[in-house]
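On the provided structure of chain A, position chain B as indicated by the hints.
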Amino acid sequence: MELDDLKLLLDTSIDCEANKSEKEISVLLSATTKSLVSKLKISIWIEIILTIACCLLFSIVVFFNQYWAVRAYFSVFVIICIPFIFVLLLLLQRINLLSHTDRPVKHNLEKITAILKRYIKNAYAATFFLLSFCLLYSFTIAYIETKNNIHGSIFFAFEKSAFSLPFILFIIIYSLGLFTVMHYFAKWYFNKLYGQYLAELEKCIRDLNEIPENASL
Amino acid sequence: MDMTTEQEFVSLISQHQKIIYKVCHLYCKDKNDRDDLFQEITLQTWKSYKHFKGEAKFSTWLYKIALNTAITHFKKVRKQKESIISDYIPERAEDSHSKEDLSIALFKEIDLLSKIEKAIVLLYLDHYSYNDIGEVMGISANNVAVKMNRIKSKLKAQINKNDLY
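In order, the protein sequences belong to chains A and B. Everything in the first sequence is counted per this note's numbering, starting at 3 for the first residue and increasing by one. Everything in the second sequence is counted per this note's numbering, starting at 1024 for the first residue and increasing by one.
Rather than coming from a laboratory, the hints here were simulated on the basis of the structure. Among the hints, a few may not be true.
Taking lysine-lysine and the DSBU-like style, the derived pairs with C-alpha atoms no more than 30 Å apart in a straight line are [said to hold, decoys possible]:
#  : chain 1 : residue 1 : chain 2 : residue 2
1  : A       : K119      : B       : K1073
2  : B       : K1179     : A       : K25
3  : A       : K123      : B       : K1080
4  : B       : K1070     : B       : K1177
5  : B       : K1179     : A       : K22
6  : A       : K194      : B       : K1177
7  : B       : K1073     : B       : K1138
8  : A       : K119      : A       : K189
9  : B       : K1070     : A       : K43
10 : B       : K1141     : B       : K1041
11 : B       : K1179     : A       : K43
12 : B       : K1179     : A       : K113
13 : A       : K41       : A       : K149
14 : B       : K1179     : A       : K9
The following block holds chain A by itself, in its conformation from the complex:
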């Protein structure tokens, strides 16, 4: 019994099924793709739409809120969100390059893995950059606002406690807690979305690269 004998069996079995008409094949061309690349593209489109929605929402707050601190806070986020949209569009353009799957298998796997890893790394870094920025910026605004305009400030509640040692300690512990929770949440979230897939792709690349020891031709 040789492996080659299987060919006949496979061909015979497939003959029963491989009978799609040209009409049936034409219908398939109008269906939507479910590949990882298309899922990644959908994720990025959702992020772009959400970023634009945030820009609009924050702009409304900037123009219509009565508090200076809130206006200052959200106006900076509008400024951050606009270049972020271009970053996402650039990422989308790079992912579009992956749409051609007629490359050799190893090359294709390496490309997808690299872009997926870069996407996860950048998304993780962006999460922590924004979190640090939010905290520092909001504390700075709260400090300025409390110092300059105590009675008309939205931070009035903190008037007495603000910038005392226990308050600063509370802020440090709160920030550390938030960073720890966000670190584990981001890790869990990206792992749930892409972890299993990435592991599978990396295993395929390892399989392709691996040459067994004592191999003989």
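Relative to chain A, chain B alone:
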């Protein structure tokens, strides 16, 4: 792309649909999964068709896309059927070790191979040379030969273990 291109593409896929079915059969146990994969491969091929220059044979080019799609395809979670065999290969007789029995047993063992090994076996079964397999997979012909030898030994050992020789 225009209607003529679409018609030309559909006709090519219709002629070469066996290649897509072979890939689907090797990578999916479930009939619905196979249909999903068939659709995905056809779509990916259609999307890449404008890049097909005709320098390589259409069948080789189709294999590249079909294997790339199958290897990176995430199956929907469904209740899996017992075996790839049950769907399309007849049950083997209890006491006889006919050629067909051995083929079925081999198929069961192939089902346990890794995605990369399945791809190599599929191209090998379609009489592709080690050079051509290497070109599709993106590895050297030597590496293909080594892997193929290992796959054959692995399958032989499994078959022997199951006392089918």
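Results of checking the hints against the structure:
1. At roughly 29 Å between alpha-carbon atoms, A/K119 and B/K1073 fall within 30 Å of each other, so this suggested pair holds.
2. Annotation: proposed proximity of B/K1179 to A/K25 is violated, straight-line Cα distance about 43 Å (limit 30 Å).
3. Our distance criterion of 30 Å between C-alpha atoms is broken by A/K123 and B/K1080, whose separation comes to about 39 Å.
4. With a C-alpha separation of about 37 Å, the suggested pair B/K1070 and B/K1177 falls outside the 30 Å cut-off, and the hint is violated.
5. Our distance criterion of 30 Å between C-alpha atoms is broken by B/K1179 and A/K22, whose separation comes to about 35 Å.
6. In summary, the hint linking A/K194 to B/K1177 is not supported, as the alpha carbons are separated by about 34 Å, beyond the 30 Å threshold.
7. Under the criterion of a C-alpha separation no larger than 30 Å, the hint pairing B/K1073 with B/K1138 is consistent with the structure, at around 28 Å.
8. Only pairs whose Cα atoms come within 30 Å are accepted, and A/K119 paired with A/K189 is accepted, the gap being roughly 13 Å.
9. Pair hint B/K1070 plus A/K43 holds up; C-alpha atoms about 15 Å apart against a cutoff of 30 Å.
10. Between the alpha carbons of B/K1141 and B/K1041 the distance comes to roughly 16 Å, so the proposed pair stays at or under 30 Å and holds.
11. Straight-line distance between C-alpha atoms of B/K1179 and A/K43 comes to about 44 Å, which puts the hinted pair past the 30 Å bound.
12. With a C-alpha separation of about 35 Å, the suggested pairing of B/K1179 with A/K113 is violated against the 30 Å cut-off.
13. A hinted pair counts as satisfied when its Cα atoms are at most 30 Å apart, and A/K41 with A/K149 does not qualify at roughly 49 Å.
14. Between B/K1179 and A/K9 the alpha-carbon distance is near 17 Å, which keeps this suggested pair within the 30 Å criterion.
Of the numbered hints given earlier, the model fails hints 2, 3, 4, 5, 6, 11, 12, 13; all others are met.
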